[in-house]
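Reconstruct the complex from the two isolated chains, following the hints.
In the order they appear, the protein sequences are chains C and A.
Heads up: the first sequence begins at 1 in the UniProt record's numbering, then just goes up one per residue.
Heads up: the second sequence begins at 1 in the UniProt record's numbering, then just goes up one per residue.
Among the hints, a few may not be true.
Unchecked claim - Result set (DMTMM-like, lysine to aspartate or glutamate): computed pairs, CA atoms no more than 20 Å apart in a straight line:
# : chain 1 : residue 1 : chain 2 : residue 2
1 : C       : 132       : A       : 107
2 : C       : 132       : A       : 198
3 : C       : 110       : A       : 107
4 : A       : 214       : C       : 373
5 : A       : 289       : A       : 107
6 : A       : 118       : A       : 130
7 : C       : 132       : A       : 103
In case anyone wonders, no lab produced these hints; they're calculated from the structure.
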Amino acid sequence: MADTSTNGPMMAADGTPLKQSLARALRRQKRRALLLTAPLLLFVLVSFIMPIGSMLMRSIQNTAGTDYIPDIIPNVVVALEDWDPQSGDLPSEAAFKAMAIDFKAAFKNKQHTQLGRRFNYETPGMSSLFRKSGRAISRLKIEEITDFKAEMLDVDKDWGKIEYWATIKANSGYYTGSYYMAAFDAERTIEGVQMKDPDQRIYQKLMIRTLWLSALITFCTLVIGYPVAWLLADLPLRTSNLLMILVLLPFWTSLLVRTSAWKILLQEQGVINDIWIALGFTERLSLINNQLGVVIAMTHILLPFMILPLYSVMKTIPPSYLRAAKSLGATNTTAFLRVYFPQTTPGIGAGALLVFILAVGYFITPELVGGADGTFISNRIYFQFSTLGNWGLAAALGTIMLVIVLLLYYVYDKLVGIDNVKLG
Amino acid sequence: MKLTKLMLTTTALTIAAGAVSAEMAGSMTVVSWGGAYQNSQVKAYVEPYQAMNDGLEVITDESSAEAVTKLRAMAEAGNITWDVVDVVAADAMRLCDEGLALEIDPDTMLADAPDGTKASEDFGDLIVSDCFIPQIVYSTTFGYRTDLLPEAPTSVCDIFDTEKFPGKRALEKRPIGNMEWALICDGVAIDDVYTTLETPEGVARAFAKLDTIKDSVVWWSAGAETPQLLADGEVSIGSTYNGRLFSAIAEQGQPIGMLWDWQMFDLDGWIIPANLPADREARALDFVKFATDTQRLADQAKYISYGPARASSAPLVGQHAELGIEMAPHMPTDPNNAQNTFLFNYDWWASYRDDLDAQYQAWLLQ
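Next up, chain A with everything else stripped away, as it sits in the complex (with noise of 0.2 Å):
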């Protein structure tokens, strides 16, 4: 109730002082996550989007690693600061389930396929939450030191393999993802993953692989590191963000290679804070169309190796902006890449990260 009447009076507001000038607001904060990434969604997005509207003012902010948490806090000091916020799928269903994100109807809200498909039609399987406007097609995989090995390696059980393939190994920090790799080097079908990760023995087995390569893991926390360490020759073999294996691959040519088996697909895409006056609320939703259209998102592809979340962007996908190297043969999705595959599992790890986490540092600590 007190909410509503909240809305309408900065509705009425908004409307009186929208009388003389335009309706949207003349600022937009947009979030994302820093780096390569959001530079290519400036370039993409941001900047053709300024070009079209003279004068709108775009403030960057590299929170979204926090924002789940970050837009509870607002929410609960009930100042929204964000306007447009760039989060991973999983977090935009927390969100949306907490009323903390704005509800989307896709066929009213987002742009339709130039050949007149309806959006919701176009994005598919990937609406994955009523809040989530996908943007990209990303994965978490490896890439390796071409130079340090001697052979290149061409199953992710390669990398247990210590003897073989020497050197160190940079896994992430988290349990998410090296579980599933684990059971999968140890021999259980992708679709009993889960349910042996739900049984004591099963987190036992994924920790008892793991346990053969520990003693040369680097464990990282930011995508960033890993290409770091692979220029640095500190690890051989590391997974990270396909992306930035790209560009550490094509833009600075390290003499690193892909390994794209059992690779773990992840969505990434806009949410809208709930709850934001009229007036932002309107150009949001305006920047969101735009930058979510089929041409956009193609755009982004020249930029950095994700795939567009649209079917029919695939198709427009190019060449690299500067490099003018076809982008398509790097993509995640692209079916040379996407022979193994599995898709980061939302909900069964939304009910036992907490629980998994614990069991993980605990490993990590022993």
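The following block holds chain C by itself, in its conformation from the complex (with noise of 0.2 Å):
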């Protein structure tokens, strides 16, 4: 029996309908629950979102200082549009005259040395090719020449250097894949692109050591932080306090003072080489300025990060589980495996993957003990930034390791379930 009045919608109070009603208060809880996080969302936006865009642009713009490429030689890139560099022969006469052109406009900008620097990424040479043509060349009368070619190459005769122009043509766009390609050990010739010989691909190298080390330091980590932890959660709360204010202490002292401390005692002439020598042997040991140094100092700074979260999984597990399983005959050893273990892999994963993606991007320490073969890909990319200036493959290197970790983080998501790992 179809009854369209008691079908109709439910009323609030004041005679709205109750869903209407209801919308409303939760849109208005919302806008409520939003101003009151809008400050850390700000927060994240300004310093987090938009700097990792930017980074991101970075590695993709082509640009020399702050104009593109494009903008500061536009009649080279339209002169340019129908020269082959495969066909031999050096470029028409009209371009030649368009570099002269262009290339006066940015020796009045003071663009012309960046734009040297922007091509000398990917051909050596051309920076100084560039340095030193700027005076003469903004010299020229245009209005008078009429051999560009032979006035150009009188300037400077690498004007005449097919693969120069090659090189200016393949960077002439708004945007380049150049950085990328010299992050993944690749470069451009004039057949196209090639990667570099194996012994020359640092970047393949230094992320792969990079990944491998934090790895090993993860384990080395797991490995020492486990029995501490277990203690620190079995012992009674006073002795268990005292304990834990030795994991805090070295949490809370600056990392350069403990990597320094490494240093001192590390060296050949150092303590521990010291003690090893008054025991007896002759050898002196090389702990540090290589791998191992890296691996010992990085192990100790990290090692917090995996105590802390797998205490506070341990102080959740019930001692009277273990006595239970014994209790019905377990031995020890299966008692640990089967009823504890499996309950401290929350705090297993979150202490791994905390002291992972720290070890990736460490710094400081690589800096300073690793040596010739310690080093990190972080310390390649502050090189880039800071030394050479290119911030363009700086950009590039730090997006790839930004998609690896991510990379690894899903991988990790999909094998022990993102929803297993627990700080507490």
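Here it is in structure tokens:
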């Protein structure tokens, strides 16, 4: 029996439909919640999302200084459109004329050396060509010249190098993939993109080393940290608090101090080696300025990040479980492996993830104790950024690292499940 | 256009403000390298200058190693916080080329020598860039432990002889200097070093020479590391800046000797960032004019063993301010020390540094 009146919308006290009134209340609540979190959101946006976005942009923008390459050499870009570097001929007279005009303008704006530096990332030698040609080209009188090619070659014979023009043509767009190419150890030659010689591939090596050493350090912190955390969780509160201070004190000490302390302890004329010699050995050990030094120092520095999540998870496991397992006939090993250990895996997951991600991005310790074979990719990124000034390549390397870590996080989530990670 | 307008506005504002007080800014940020070097600048330049200018506040910064990158970032952000920056010549050239440093006319903006010689003549060839106000000549050279080696090394090639001169070496973790020394010791004449390094075979040759000692090298990246490594006995020979070795030897009494053979000269000096507000620029110019006059440059040599950049300062170099020893024999430019030298080739390295550096890192990783 159809009775529409009883099926009509329910009304709130003020006569509006209940659904609408509820939605309004909910909206108001949502708005209030948003306002409460607004400072945090804004902070994350300004200090995290935007820098990452600008890093992503940097890695593909084809700029010299603050301007895009095609905006600095617009005439050259047009003039080189039809030129084929593989033909083996130099570009046309028009291209030389365009270069003279654009170069003059760039010189006036003090952009010619930045332009040279940008091309020098691809082909060594171009930086000095652009700098040396600066004044000479700026003095050319464009209207009076009939043979630009001859004039430019007269300024510097290197303007006759086909590979230089090929580099200019290949890097004249607004966006470029060449920073990523360099970050993957590839280079552009006249024949196309090729991988560099195996012994020249430094970024691959550094990335693999960074990931491998970080994994090793994570493993070491787990092996050392697990028993400590168990002890802390198992002892009566008063004793465990005292021991906790031993874990936390180094945690609160400056990173730089701890790293320098390791330097003094581990060096060849250092305390540990002196004891080693006093024990009767004759050969001094190389414990620092290599990978071993990095693993030792970083394992120590990152240890609290493993112990603390482990401890807080272990604290929640009632000791009666182990006792129950034993009373039911389990040996110590079985009780540990089948009852205790499975319950600590969320802590292991959290600690391992924390230590690994921190280790991958570590900078100061590898820089100070890494020597030649213990440096990380972050050290190279810093060097590109601050010393060589190649921000594009630094950004590309940073982006690749970010993607790798996100990928590993994804794989981790699939294997372990991120819901199984607990900080306490 | 926009820039000119901006500058006119700021100038107008400054003049309006300056009508009441002085036209020079009341504070100034001086950027340098820190350590004993910056200390010598504070003693020789900043403190006397402050004594002359009552109430001037001087802020010191130790970021010279990253000066180029930071000035680029400041210019991009449109907020330049530095007034006077101490940089090496290569960085001054880069900054000048990019329009980030103020161009200086030495004869009108800098002080004449006491005998009336114009500044441009007094500094001579050391003015390597239009924006660069030379201050000192320093060198990268070797120090060795006198007590750990059977005899004193006399040639830079002795660092490659681990049998006669046992112990580890400290070398800088960058190609500049090391590549030159390797080739010189492999029999390449100094004039041919850079043409050799332009070829892959030449680079391979330098690496092959460095390979002979690679296992006994500790790589440094900060100049303070070598004196520390020498003092600890970690290395028996190591390269660093000559002033650092001087303070280890003369001020700390370490058993270290100097090996001056084939020292690599480099220049260090001031630049003033471009596009400063007029009052700050006036203050910066006033300061550098004072700090680079003949007497002041000679004064700095009382605190650190770097050669003053003015010809007229050399005769005034006297004794160490605290130790009372003659400073002249410790200067890299002293004729006895400067028998075999080469100048850091800014132009060549500007072109080949990125590439060689990548190869150098790859070689280190092998």
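Now for the hints, and whether the structure bears them out:
For the proposed pair residue 132 of chain C and residue 107 of chain A, the alpha carbon gap of about 25 Å is over 20 Å, so the pair is violated. Simply put, residue 132 of chain C and residue 198 of chain A have alpha-carbon atoms about 17 Å apart, close enough for the 20 Å limit, and the pair holds. For the given pair, residue 110 of chain C sits about 24 Å from residue 107 of chain A by alpha-carbon distance, which is inconsistent with the 20 Å threshold. With a C-alpha separation of about 12 Å, the suggested pair residue 214 of chain A and residue 373 of chain C falls inside the 20 Å cut-off, and the hint holds.
For the given pair, residue 289 of chain A sits about 11 Å from residue 107 of chain A by alpha-carbon distance, which is consistent with the 20 Å threshold. A C-alpha spacing of about 16 Å is found between residue 118 of chain A and residue 130 of chain A, which places the hinted pair at or below 20 Å, so the restraint holds. In summary, the hint linking residue 132 of chain C to residue 103 of chain A is supported, as the alpha carbons are separated by about 18 Å, within the 20 Å threshold.
Of the numbered hints stated above, those contradicted by the structure are hints 1 and 3, listed in ascending order.
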